[in-house]
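> Each chain is listed here by its residues.
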Amino acid sequence: MSLFTLRVNGRSHEVDADPSTPLLYVLSDDLDLKGPKFGCGLGQCGACTVVVNGQATRSCMTPVNTVKGEITTLEGLATSAELHPLQQAFIDEQAVQCGFCLSGVMLTAKAFLDRNPRATDEQIQQALSGVLCRCFGNARMLKAIRRYADGRTA
Amino acid sequence: MTSQLTADARTALTRAGFSRRAFLKGSGALVVAFSSAELSNGLDRVFAQGFNGAGSSQLDSWIAVGRDGIVTAYTGKCEFGQGLYTAQMQLVAEEMCVPLDRVRLIQCDTSMTPDQGTTSGQQSHPANFNRANLALAGATARESLIRLASARLSVPAADLVARDGVIASSANPSRRIAYGELIGGQRFDLRLDANARRKHPREWTILGTSVPRVDMRDMVTGRFEFVHNVKVPGMLHGRVVRPPEIGATVSRVDESSVRDMPGLVKVVVKGNFVGVVAQKPWQATQAAERLNVIWTRGAVLPPQASLYSELRKQPARDTLLVDSGDVEARLASAAAVLRSTYRHPYQMHGSVGSSCAVADVQGDRATLWSATQSAYPTRNTTAMLLGLEPERIRVVYVRGSGCYGINGADTVTYDAALLSQAVGRPVRVQLSRRDEMAWENYGNAFVIDQRVGVDGSGNITVWDYEAWSAARGGRPGYNTPGNVVTGFLVGARPAPIVPRTPAPPPDTPLNNNLNTAPSYIAGRVGDAARGAGLVRSERVLSHRVVSPFFTGPLRAPERLQNTFAHECFMDEVAAHVKADPVEYRLRHLNHARLSAAIRAAAKAANWEPRPSPRPRSSRGGLATGRGISCVCYEGDNGYVAMVAEVSVDQNTGQIQVTRIVVAQDSGPISNPDGMRSQIEGGTLQGISRALGEEVTWDERRITSVDWRSYRSLPVGFLPPRMDIVLLNQTDVDACGSGEASITVVAAAIGNAVFDATGVRLREVPFTPERVRAAVRANSE
Numbered sequence: 001m002s003l004f005t006l007r008v009n010g011r012s013h014e015v016d017a018d019p020s021t022p023l024l025y026v027l028s029d030d031l032d033l034k035g036p037k038f039g040c041g042l043g044q045c046g047a048c049t050v051v052v053n054g055q056a057t058r059s060c061m062t063p064v065n066t067v068k069g070e071i072t073t074l075e076g077l078a079t080s081a082e083l084h085p086l087q088q089a090f091i092d093e094q095a096v097q098c099g100f101c102l103s104g105v106m107l108t109a110k111a112f113l114d115r116n117p118r119a120t121d122e123q124i125q126q127a128l129s130g131v132l133c134r135c136f137g138n139a140r141m142l143k144a145i146r147r148y149a150d151g152r153t154a
Numbered sequence: 001m002t003s004q005l006t007a008d009a010r011t012a013l014t015r016a017g018f019s020r021r022a023f024l025k026g027s028g029a030l031v032v033a034f035s036s037a038e039l040s041n042g043l044d045r046v047f048a049q050g051f052n053g054a055g056s057s058q059l060d061s062w063i064a065v066g067r068d069g070i071v072t073a074y075t076g077k078c079e080f081g082q083g084l085y086t087a088q089m090q091l092v093a094e095e096m097c098v099p100l101d102r103v104r105l106i107q108c109d110t111s112m113t114p115d116q117g118t119t120s121g122q123q124s125h126p127a128n129f130n131r132a133n134l135a136l137a138g139a140t141a142r143e144s145l146i147r148l149a150s151a152r153l154s155v156p157a158a159d160l161v162a163r164d165g166v167i168a169s170s171a172n173p174s175r176r177i178a179y180g181e182l183i184g185g186q187r188f189d190l191r192l193d194a195n196a197r198r199k200h201p202r203e204w205t206i207l208g209t210s211v212p213r214v215d216m217r218d219m220v221t222g223r224f225e226f227v228h229n230v231k232v233p234g235m236l237h238g239r240v241v242r243p244p245e246i247g248a249t250v251s252r253v254d255e256s257s258v259r260d261m262p263g264l265v266k267v268v269v270k271g272n273f274v275g276v277v278a279q280k281p282w283q284a285t286q287a288a289e290r291l292n293v294i295w296t297r298g299a300v301l302p303p304q305a306s307l308y309s310e311l312r313k314q315p316a317r318d319t320l321l322v323d324s325g326d327v328e329a330r331l332a333s334a335a336a337v338l339r340s341t342y343r344h345p346y347q348m349h350g351s352v353g354s355s356c357a358v359a360d361v362q363g364d365r366a367t368l369w370s371a372t373q374s375a376y377p378t379r380n381t382t383a384m385l386l387g388l389e390p391e392r393i394r395v396v397y398v399r400g401s402g403c404y405g406i407n408g409a410d411t412v413t414y415d416a417a418l419l420s421q422a423v424g425r426p427v428r429v430q431l432s433r434r435d436e437m438a439w440e441n442y443g444n445a446f447v448i449d450q451r452v453g454v455d456g457s458g459n460i461t462v463w464d465y466e467a468w469s470a471a472r473g474g475r476p477g478y479n480t481p482g483n484v485v486t487g488f489l490v491g492a493r494p495a496p497i498v499p500r501t502p503a504p505p506p507d508t509p510l511n512n513n514l515n516t517a518p519s520y521i522a523g524r525v526g527d528a529a530r531g532a533g534l535v536r537s538e539r540v541l542s543h544r545v546v547s548p549f550f551t552g553p554l555r556a557p558e559r560l561q562n563t564f565a566h567e568c569f570m571d572e573v574a575a576h577v578k579a580d581p582v583e584y585r586l587r588h589l590n591h592a593r594l595s596a597a598i599r600a601a602a603k604a605a606n607w608e609p610r611p612s613p614r615p616r617s618s619r620g621g622l623a624t625g626r627g628i629s630c631v632c633y634e635g636d637n638g639y640v641a642m643v644a645e646v647s648v649d650q651n652t653g654q655i656q657v658t659r660i661v662v663a664q665d666s667g668p669i670s671n672p673d674g675m676r677s678q679i680e681g682g683t684l685q686g687i688s689r690a691l692g693e694e695v696t697w698d699e700r701r702i703t704s705v706d707w708r709s710y711r712s713l714p715v716g717f718l719p720p721r722m723d724i725v726l727l728n729q730t731d732v733d734a735c736g737s738g739e740a741s742i743t744v745v746a747a748a749i750g751n752a753v754f755d756a757t758g759v760r761l762r763e764v765p766f767t768p769e770r771v772r773a774a775v776r777a778n779s780e
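Keeping their order, the protein sequence lines are chains H and C.
Residue numbers for the first sequence, in my numbering: 1 to 154.
Residue numbers for the second sequence, in my numbering: 1 to 780.
In short, the hints are calculated from the structure, not lab data.
Among the hints, erroneous ones may be present.
Straight-line Cα separation of at most 30 Å, DSBU-like style, residue types lysine-lysine; simulated pairs [as the list claims (entries may be wrong)]:
| id | chain 1 | residue 1 | chain 2 | residue 2 |
| --- | --- | --- | --- | --- |
| 1 | H | Lys68 | C | Lys231 |
| 2 | C | Lys231 | C | Lys270 |
| 3 | H | Lys68 | C | Lys266 |
| 4 | C | Lys270 | C | Lys313 |
| 5 | C | Lys603 | H | Lys143 |
| 6 | C | Lys199 | C | Lys231 |
| 7 | C | Lys270 | C | Lys280 |
| 8 | C | Lys266 | C | Lys280 |
| 9 | C | Lys578 | C | Lys603 |
Construct all of the structure, not just a fragment, from the sequences and the given hints.
Put into structure tokens, the structure is as follows:
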């Protein structure tokens, strides 16, 4: 076990963990965060997605000892009591069924649009080509992401 | 009062969707349902319901009113992403005449809610939204409150109106009394009144509207608690070690292989069930990977390539649903006979989240936090595995990843319970992706032969259906834990399939619950003709054989496979007689609601009446076409028609579904946007299943064990334009809408591909390789 300091959603946390522990396990088990989820443990579905230094990152495949910098989880998307516009867009479109996939869908889209604010629909789809929602809320999710993208460039 | 609540009752309340703070303010509602004596001994407290999932005849089991007028309702039908939690809140608010924010709903907790068996088969609307159970409880409570107010206010009941939790004289609104004053904190002590008047949909102000999902804010902010997030004090972490091959058994477990691993608490072996328990989840994961278990070899599996012919060779349990006795004679005298064989593979639920559960087994009692769709049945079957009394076990439903049927939620609940019992502490278990996918209860494989005879006018005179399907296990129900892998590994057995040939003649009126009978037959047994169609010479014969893999209900179970075969074959017949597929269906139907759905879908799609295939401009290259399919879901639980438009790249074999039109009649609509969401999700999931999903295996083991080897369409795939027509019917019973749309997708796509290319696809999934091969074969 080793001590690590993690910056998560604007706060610092010291955790004692085996260096090979995937970041997801630390976030879920040690820091009690509910946003990132264990989906496959293989980096194939996106449910564990967090944003590290602006990059959407699959936390199930990322050993905690390799993480440097600011981590944002779904809980940290909004910085105040207000919803983040992407969260509001998902509510406006009612783009959720079971909700398990949301970290993958929302944070992947957020990180992508931060770097590509004028992305086309095709580029957004491409960015989400490695994210799964087995309830297939796809159509509404893509609409919600479009709504958010349009709002931030308006 | 809260001090009278046990810690886990408080937890359950929080999980049930409202905060403890809200509960504290709610003052009293639960005192009705639970006296302090009951709470202190909560596990012994089961309401009037029995073990058969029959709900409860006692109003107090369903509804309680607090002193502050908050209405708390208890339901045995659970939310798992389909919007049912919100819809049930709307139902209670509507019948009780209170605003939505004064309703609290507690779902599926065996210490609190009625036993309504399993939430499945889009049966929750039929069960809870008509004239029984939760709906009837709301109506009974409202009428009881009016009677109480009449006595209290000395105003005739007929002159009283209930609104916003207050009952007032319509002549003199100052004569009024609130629900909380009437009954707050007390029992109704009434039975459900079968004559209590449900509000007609015309009177609805809350039901029938698109109330947004009440749980969504917590979800998009990452604060919603799934079963994966449940933590209880002292909780350890378990992982299971499943056999490497189907049928492999434990020879020896070499515990020394993990002895030095940090955090390891125990290696647990019970029969062929193997698991590890550790302090931390990563320790458990590593220990499970490192543990050296010596297994016997498993069984040799039937080659995947010959699965469908193997099914036909197995000893079978035969069932005749309908048999007019004249099928062979009619076929012999028909002007033309068509025959075709359709194949549908095993498919997966493939939940995004690997299944998870938490169990706390302490001596002779246990608490299970589980995403099972079957709280009471899981209580009973877990009791069997643990050797405990069912009444000493409490199952608290906590939502999991969307399941679409029996995913790993039930089996992982057993895993957690067994590991917790072995260590005497709470244990959380999460399956690995491989364990989830290699051992879940797959949707059944089917091979279906059909023959149809037509007369000189092109009308169908005889329809013969004969199918072989593979099954093993299924939902455990109340007494068959061996129906899922964990129960099986500790020695329980799946429900047997007892061979029976020939099938006895049908002797009960047609029940088309599994959509085994096509919509176009009369379905006559004795004097009753309960089919949806006009074809009077008919036979529906099923052969059930033993599957090498566990199987179980997967969204539209069996109905999807059957409907794929019926609706594609109907299209083949229509094409053979050069009839328009819409007109040809209507010509053979005797069912006003299904016909109305077909007409509505065709109209919304601007359907051009003509036979399929469309006159082709060229072979090769892109071709476009449209197809229709329809079903009376479960015979009488929702009526849906779908038009699919596709473009097919005949060089690559790639199918693009460009547009879907759905018309669906599910009776009076509780929440139009919620119904649309279900139809959209079902449709897109149906496209994924039709185009790419198939369980695969080699000589001894399942090989589709992750998202590289089991192909699901991702969020980024381009969804078709979807036009959804909701056929709101207000003078009939409510039907479900979670499964109907997916049932017709594969057939609508297959028929559209035929329209585009003249190529008939008779095996799901329609992979590019299969489409290319079919196009090549057709052009030779």
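> Look at each hint and say if it fits the structure.
Hints versus structure:
| no. | hint | verdict |
| --- | --- | --- |
| 1 | Lys68/H x Lys231/C | holds, 28 Å |
| 2 | Lys231/C x Lys270/C | holds, 26 Å |
| 3 | Lys68/H x Lys266/C | violated, 35 Å |
| 4 | Lys270/C x Lys313/C | violated, 35 Å |
| 5 | Lys603/C x Lys143/H | holds, 26 Å |
| 6 | Lys199/C x Lys231/C | violated, 42 Å |
| 7 | Lys270/C x Lys280/C | holds, 22 Å |
| 8 | Lys266/C x Lys280/C | holds, 13 Å |
| 9 | Lys578/C x Lys603/C | holds, 21 Å |
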